[in-house]
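Asker: Chain by chain, the residues run as shown.
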Amino acid sequence: EAGVAQSPRYKIIEKRQSVAFWCNPISGHATLYWYQQILGQGPKLLIQFQNNGVVDDSQLPKDRFSAERLKGVDSTLKIQPAKLEDSAVYLCASSLSARRAFFGQGTRLTVV
Amino acid sequence: SQQGEEDPQALSIQEGENATMNCSYKTSINNLQWYRQNSGRGLVHLILIRSNEREKHSGRLRVTLDTSKKSSSLLITASRAADTASYFCATDGSSNTGKLIFGQGTTLQVKP
Chain A
-13 EAGVAQSPRY KIIEKRQSVA FWCNPISGHA TLYWYQQILG QGPKLLIQFQ NNGVVDDSQL
47 PKDRFSAERL KGVDSTLKIQ PAKLEDSAVY LCASSLSARR AFFGQGTRLT VV
Chain B
13 SQQGEEDPQA LSIQEGENAT MNCSYKTSIN NLQWYRQNSG RGLVHLILIR SNEREKHSGR
73 LRVTLDTSKK SSSLLITASR AADTASYFCA TDGSSNTGKL IFGQGTTLQV KP
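Just so you know, the sequences run in chain order A and B. Heads up: the first sequence begins at -13 in our numbering, then just goes up one per residue. Heads up: the second sequence begins at 13 in our numbering, then just goes up one per residue.
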């Protein structure tokens, strides 16, 4: 079974630039999550989709972060403009049920 | 804010020894999960324990849950160098959406 695919693996940008991350979940998984993991901390949920609808985006900084999941499959997470404190690993996960989540390798973002 | 607090933050043991990690959480839960994260990689699900269970085993892993104390422990027996990783507990915060709230993690180093 193919896992959760994310790209790019690494990204370095200057502050105030924009960046986008892409995620392809496991086939058939209706639920998709984006987590932010700052170095030395546990992941923090940014947004959760059920099919193409948003379930929870309470911790998404909506002034600069946006996410979409067109057609209920792939998803993109965008940051515009980026700040230094956005440096983190962005993890995408998907699940079939509200129990076990499958994570991608993550995108490591460095904002300089 | 993070739901769980993990203890210790870092643990270093010799191969063959047992490793115990503890997790405390704040709100009621439906279940608690443990994940492993190798350096620079995504998270891998290890085990899930429901709120009405007190202990669960999976291979060399043993998880306990005390809902009265809002705490859980993960025991890895006969550790191997390949067990070197960060370990995170995650709760669902009593939601049924699959949203996970992670602790800060315990970094385990197993020396050969």
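Hints listed in this document are in silico derivations from the structure and should not be mistaken for laboratory results. Note that the structure is a prediction, hence the values are computed from the model and not measured. Virtual Cβ for every residue (Gly too), placed ideally from N, Cα, C. One thing to keep in mind: the hints can contain errors.
Listed below are the simulated SDA-like cross-link pairs for lysine to any residue, each with C-alpha atoms no more than 20 Å apart in a straight line [stated by the list, open to error]:
1. A:LYS30 <-> B:ASN108
2. B:LYS111 <-> A:PHE88
3. B:LYS111 <-> A:HIS15
Partial list, computed: chain B residues near chain A (C-beta under 10 Å) [claimed, not checked]:
4. GLN45
5. TYR47
6. GLY52
7. GLY54
8. LEU55
9. SER63
10. LEU73
11. PHE100
12. CYS101
13. GLY110
14. PHE114
Asker: A separate judgement is required for each hint: does it hold in the structure or not?
Answerer: Each hint, compared with the structure:
For the given pair, LYS30 (chain A) sits about 17 Å from ASN108 (chain B) by alpha-carbon distance, which is consistent with the 20 Å threshold. At most 20 Å may separate the alpha-carbon atoms for a hinted pair to count; LYS111 (chain B) and PHE88 (chain A) meet this at roughly 12 Å. For the suggested pair LYS111 (chain B) and HIS15 (chain A), the alpha carbons sit about 14 Å apart, so the restraint of at most 20 Å is met. Against a cut-off of 10 Å between C-beta atoms, the interface hint on GLN45 (chain B) holds, since the closest Cβ of chain A lies about 7 Å away.
Hint on TYR47 (chain B) holds. Least Cβ distance to chain A is approximately 8 Å, under the 10 Å limit. Of the supplied interface hints, the one on GLY52 (chain B) holds, with its beta-carbon coming within about 8 Å of a beta-carbon of chain A, less than 10 Å. A distance limit of 10 Å between C-beta atoms decides the matter here; for GLY54 (chain B) the minimum to chain A is near 4 Å, and the interface restraint holds. Look at LEU55 (chain B): its Cβ gets to within about 4 Å of chain A, closer than 10 Å, so that hint holds up.
A cut of 10 Å between beta carbons decides the hint on SER63 (chain B): the least distance to chain A is about 13 Å, and the hint is violated. At a threshold of 10 Å, the smallest CB-CB gap from LEU73 (chain B) to chain A is about 15 Å, leaving the interface hint violated. This hint holds: PHE100 (chain B) has a C-beta 5 Å from the nearest C-beta of chain A, less than the 10 Å allowed. Taking 10 Å as the C-beta contact cut-off toward chain A, the hint placing CYS101 (chain B) at the interface holds, the least distance being around 9 Å.
With a least beta-carbon distance of about 4 Å to chain A, the hint placing GLY110 (chain B) at the interface is held under the 10 Å criterion. Evaluation of the PHE114 (chain B) hint against chain A yields a held restraint, the C-beta minimum of about 3 Å falling below 10 Å.
Violated hints, in rising order: 9 and 10; the structure is consistent with all others.
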